[in-house]
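Note that my numbering has the sequence shown beginning at 3, numbered continuously upward.
It should be emphasised that the hints constitute simulated quantities derived from the structure, not laboratory data.
Since the model is a prediction, treat every value here as computed from it, not as a measurement.
Any given hint could turn out to be false.
Ranges of calculated distance between the beta carbons of each label pair, as one might list FRET restraints [as the list claims (entries may be wrong)]:
#	residue 1	residue 2	range
1	Val96	Thr12	36 to 46 angstroms
2	Tyr100	Thr79	38 to 48 angstroms
3	Glu25	Asp76	25 to 35 angstroms
4	Lys9	Val96	42 to 52 angstroms
5	Val96	Gly57	37 to 47 angstroms
6	Val96	Asn63	21 to 31 angstroms
Here are the computed lysine-lysine pairs in the DSS-like style, where the Cα-Cα straight-line distance is at most 27 angstroms [unchecked claim]:
#	residue 1	residue 2
7	Lys56	Lys9
8	Lys20	Lys35
9	Lys24	Lys69
10	Lys35	Lys51
11	Lys84	Lys24
12	Lys51	Lys20
13	Lys35	Lys84
14	Lys9	Lys51
15	Lys56	Lys35
16	Lys51	Lys24
17	Lys69	Lys20
18	Lys69	Lys35
19	Lys84	Lys20
20	Lys56	Lys84
21	Lys69	Lys56
22	Lys35	Lys9
23	Lys51	Lys84
24	Lys84	Lys69
25	Lys69	Lys51
We put the CB at the ideal spot given by N, CA and C, even for glycine.
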Amino acid sequence: MAQKAGKSLTISGIVVDKSSDKEPIIGANIFLKDRPGVGTTTDLDGRFKVQAHKGDVLIVNYIGYDKIEYFVTDSQTNLVLKMTPSATALDEVVAVSYTHLTLPTNREVEFSVDDRLSKKKK
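Please model the complete structure; the sequences and the hints are all you need to start from.
In structure tokens form, the structure reads like this:
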């Protein structure tokens, strides 16, 4: 989509959890719909600042919360965006890890079930 013409507007404020009204959401993603590469994340206080144009749509999302869409009409310097916890919860999270061990070429290391380490020379 073509970039919007007109004056650049400053949109800044804070993103908070709607259920507490005060708890900042740290690391929420904020970007402009239809303008790839334009965006930011909230800081440790839940604060953000982004440049937009009149008519842009500001998207705010964070894992575990419903997405917010905010229609830009004018500059805002104390905007408070309240995110609602998502009704969809995760049942489980699976973490997968992989480790690669590099050894000298003349040795082989085997790990047995009882965690004893044995070395063999080739």
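Earlier hints that do not hold, by number: Hints that this structure does not satisfy do not exist here, as all of them hold.
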